[in-house]
Amino acid sequence: MGFKGYLARRIVFAVFTLWVVITLNFAIFAVLPGDPTRYMMDPKMRPEQKALIRLWYGVNDSWPVKYVRYMGNLLSFGIVPPYFGFSLKTHLTVASEMSWRLPLTMALLGCSLILEILIGIPLGMFAASKRGSKTDATIMASGLFTYGVPTFFVQLLALLLFVAYVKQTFGILVFPAGGWYTYPRVEGLLPFITDVMWHFALPVMTLVITGFAGWALYARNLLLDSLTEDYVLTARAKGVSERSVLFKHAFKSIRPPIVTLISLSIPGLITGAIITETIFGLQGIGQWYIESIAAVNADYPVVEAVLFLFAFLTIVCNLLVDIIYGLLDPRIRVGQRR
Amino acid sequence: MVIGKSTRAVWKRRIEGFWTDFSHNKIGILGIALLSLFIIVAVFAPFIAPFSQETVFQYSGRQADRFAYPDWIGLIAPNLAGLPTQAEHVLNWSAVQVPAGVDLEGTSGDTVLYYNASVSGTDQPIIVGLSASFDYSYQPMRIFSVGIAWSATPDAVVTIWKTNVLGWKIKVGETGTMAYELQLSLITPNGTRYDLWDQNWNKYAVSNVSTAPAFWSSMGSGRIDFTSDLAVLAQKLGFRPEDARQLPYMLMAERGVYTFALNVTLKPGSLVDSNGKVTEVPLNEATGNVTIGTGKFTVWGRRWGLLGTDGKGHDVYSQLVYGSGISILIGLAAALISTVFGILVGVASGYLGGGVDEVLMRTVDILLCLPILPMLLVLIHLLGYSVYYIVLIISLFGWQGLARVIRSQTLSIRETAFVESAVASGSSRGHIMVRHIVPNVFPAAITSFILAVPGAIILEAALSFIGMGDPFSPTWGKMLEFARLDQAYSPINFAWWDILAPGIAITMLCLAFVFIGHAVDEIMNPRLRRRR
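Protein chains in written order, with the numbering used here: chain A, 1 to 338; chain B, 1 to 532.
If we strip away everything but chain A, and leave its shape as in the complex, we get (with noise of 0.2 Å):
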C-alpha cells in the first residue's frame, strides 16, 4: 500500500468521523426533552400560528425526516440554503451570523498557533542545545508550570495587571479591557486594522504565554531523544559540527511527531479560544457557542452548526496532518503503517 492507499484512508477515516460526531449531535438534541420552539409562543397567539411556527421549525416531523434536513443543514456548510437554519434568539440565519464572528475565532486561534510554534520549538531547540544548563532547567521549570497554571488565570492576571494596575496607576490604557475593536468605529482601513490588532494583542499573548512552553518542552525531549540515535553518532564521527547535527541531523528527525502534535493540539486551541473569548469579549463563535448552549433555551440550530464546524475543523487540520506526515516520514510512503 503506498501513499495514496494511506491518503484514500486517512481520508474515508475522516469523513466517517465527523458522520459520527455529528450523527451523536443530532442524538444528543433528538433525546432533549421539550419543544424547542416553546418560548417563542406568545399566550396571545391563535392556534393556526402557533402551528405554523411549528411547522416552520419542523417540530412535528419523524425523526428520520429531522435528520435527513439536519444532514442536509449542515453538509451545505451555510453557504447555500437553508444556511444553517434559523437562530431561535435572532430569527436570523445562523450562517449570516457565522459569516463575521468565524474570522475573528480563525484570527485568535490562527495566530495564537503559528506564534506558539515560532516561539516554542526554536526554545525547545535552543534549551536541548545547552541541555543540563541553568538556562535548559529554566524552559524545562517553565514548562512545567504551565502544565499547571490554567490559562483563564494567567488572562485574569492579565487583565488586572494591564487594565486595572496600570491604568490606575499611570493612567494609561495599555490594552483594552475587551471586545474586538473600538466602539464607535475608527475612520479607515488602516487605522481600523490597527485597532483591531491592539484588541486581538492580549488574548493573543495570554495564549502565547501558557502555551509555548508545552512546545518548547516537547521539541527538548524530541530532539535529545534523537541524539541518541545511530546517524547522530555517524554524524559526530564525521566531525559534524555539534551546532549542525542538532539543526540539520536531529531536527530533521523530529518534525513529524511535532506535525502531529499540532493535530493533537487543536481541540486544545478550541477549548481555549472559547475561554479567551469568553473573557475578553471577543465576539467569535466560541462565546457564541457558550451563549447558545448556556441559555435557558438553547439555541440549538447555533449549537449544532458551530459544533459541526470546531469537528469539521479539528477533522480537516487532522486530515491535513496526516497527509503531510506522510509527506515527512518515508516510511508511510513506502508503505509501512504508523
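In short, the hints are calculated from the structure, not lab data. Wrong hints could be hidden among the right ones.
Looking from chain B toward chain A, a few residues come up when the C-beta cut is under 8 Å (computed) [said to hold, decoys possible]:
id : residue
1  : L75
2  : I366
3  : C369
4  : P371
5  : I372
6  : L373
7  : P374
8  : L377
9  : F465
10 : I466
11 : L480
12 : S490
13 : F494
14 : G503
15 : T507
16 : H518
Backbone N, C-alpha and C fix where the C-beta goes; we use that ideal spot for every residue, glycine too.
With chain A fixed as given, assemble chain B onto it according to the hints.
Just chain B, lined up with the frame of chain A:
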C-alpha cells in the same frame, strides 16, 4: 480475593523500594508536601474557615463591604491602612433632654419613656432627646447601615365622638391616648447636624420635603433600618440621588466622636376628621410609653480578614478553604475513572485483538480528534449541571491516550514467557488479563493517573469559570467566575486578592500533582533519568 503471604511480601518490598527512590526526589517531596497541605486544609475546613460554607456561598448576606481589601493591606499600601474594618457600634441611648411629664427608665438595653400629659400640663408636642456616641477613627467607609427598633404603647384607645346638627353623638374614630414621632440625626465631630431619618421618610421619595405633612403614629412598633446608599437618604439631606453612593464620604469624612441624636416627640393622641377638625384626647387621659431598643450602627469594613471579600461581600479566605476538598475530589475521581477505563480498554484491545481491538482503537481515534470542550458542554447541558455528571463527562474524554499506551504495553507482555506458560497451563483469558497483564501495566497507569489529575482539575475549573459548573459546589473555578462577573479586574475594584487567591490555589494544587507525577515517572521509567 485473598492475598497470599508471598505476594504481600513482594508488594511490601516494592513499595519500600519505591519510597526509597521517591524520598530522594526533591521535586516529588515538594509535591507531596504541597498536596498534604491542601488535604489538611480540606479535612479541617470547618475548623479553619471562620464562616460556614452556606454563609460564604449563599447569595444574600455578607461579611463586609464588597471587594474589601485584606486586613493587612496597610503593610503594602500605607495609604490604605486607615480604611475602616468591619465594626458594629452598639448605640446605648442616654438622655440629653427630658421635659416634665416624661419618666425615663432604662431596662436591659431598652430605654422606656413614660408619658403623662397631665404632668406636663400641655397638649403641645414635647421633645425627649436621646443620644449615643461612638468613636470613628478611620477613613470614610463606603457604606454604613443603621438599625434601631422601637415600639409604642398608648395606655388606652379612646373613641372620639362628634355631635351632628340633630344633636346626635356620632363616632368619628378611635385614637391612642398618646401620639409620637421619631427623628434621627447624625452630629459630626465639628458639630454639623444631618437629619437622617424620620417617620416622613417614605414621603421624601415622592414629594417635596418642605410640604411633607407631619406624620403622627399613635401605636405600633417598627425599625429604623437603612443603609447609606439609599437615594431617598441623599435626597432628604439635600444631595442629588446620584450621590447616594458617595454619602459616607461627605458625612463621615472626619475622624472623631460622632453622635447619633434620637428625638422622640410626644403629644396627646389626636384624630383629624374629614372636615379637618382636630380632636385631641383630654390631657388627663393622654398617657402611654415608648420603648427604644439599643441601636446598631454598622460600618461595612473596607478591610476584612485574611484575604478580603469578593464582589458580594463574602469572605474569600473561607471560600478558598472550602474549595480545596472539592477540587481534590473532582480531580482524583475524574482521573481514577478515566484511568480505570483506559486500563480496561487498553488491556482488552491489546490482549483480545482482532475485531475488539479494531473497534476500540477506532473509537479512541475518533475521540482523540473531537473538540473536547464543546462536546463536554453539550453533554453537561443534556445531563444537567451536577458535579457528578461533570466528573463523569471529564473522565469520558480523558482515557484515550492511556488506552493507547496500555495497549502497546499489553501487546509486548502478551508475547512474554510467563503469559505463554499461563496459557499453556490452561488459564482463562480473563484470568491472564487480570492476574498477569494488569499488574504489569500498573506502573504506567499510576503515572498517567497522577498526571491526569491536574488536567481534570483545570478542566472543571474552566467549566465553572464559563458558568457551566455545578451551581451548588463551591469550587475555585466558581470563585474566579464570580470575580470575572463582578469585574474584579476593573480599575475601580482592582480586587487582586479575589483573583490571585483561587488562581494560585488551583495552580499550586495542579503543580503538586505534576511534581509528584514527574517524580513517579522518573522512578518508573529510568530511561528518563539518564536524559538529564
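Now the hints, each set against the structure:
Look at L75 (chain B): its Cβ only gets to about 18 Å from chain A, farther than 8 Å, so that hint breaks. Nearest Cβ of chain A to the Cβ of I366 (chain B): about 5 Å, under the 8 Å cut. The hint holds. A distance limit of 8 Å between C-beta atoms decides the matter here; for C369 (chain B) the minimum to chain A is near 5 Å, and the interface restraint holds. Taking 8 Å as the C-beta cut-off, the interface hint given for P371 (chain B) holds, the closest approach to chain A being about 4 Å.
Given hint, I372 (chain B) at the interface with chain A, holds; its Cβ is 5 Å from that chain's nearest Cβ, closer than 8 Å. A least Cβ separation of about 4 Å between L373 (chain B) and chain A falls short of the 8 Å threshold, and the interface hint therefore holds. Because the smallest distance between the Cβ of P374 (chain B) and any Cβ of chain A comes to about 5 Å, under 8 Å, the interface hint for this residue holds. A distance limit of 8 Å between C-beta atoms decides the matter here; for L377 (chain B) the minimum to chain A is near 5 Å, and the interface restraint holds.
The beta carbon of F465 (chain B) comes within 5 Å of a beta carbon in chain A, closer than 8 Å, and the hint placing it at the interface holds. For I466 (chain B), the shortest C-beta to C-beta distance to chain A is roughly 5 Å, which falls under 8 Å, so the interface hint holds. Because the beta carbon of L480 (chain B) sits about 7 Å from the nearest beta carbon in chain A, less than 8 Å, this interface hint is met. At a threshold of 8 Å, the smallest CB-CB gap from S490 (chain B) to chain A is about 6 Å, leaving the interface hint in force.
At about 4 Å, the closest approach between the beta carbon of F494 (chain B) and any beta carbon in chain A falls short of 8 Å, and the interface hint on this residue holds. Given the 8 Å rule on beta carbons, the hint for G503 (chain B) holds: about 4 Å separates it from the nearest Cβ of chain A. A cut of 8 Å between beta carbons decides the hint on T507 (chain B): the least distance to chain A is about 5 Å, and the hint holds. Look at H518 (chain B): its Cβ gets to within about 7 Å of chain A, closer than 8 Å, so that hint holds up.
Going down the numbered hints, you'll see the structure goes against just number 1.
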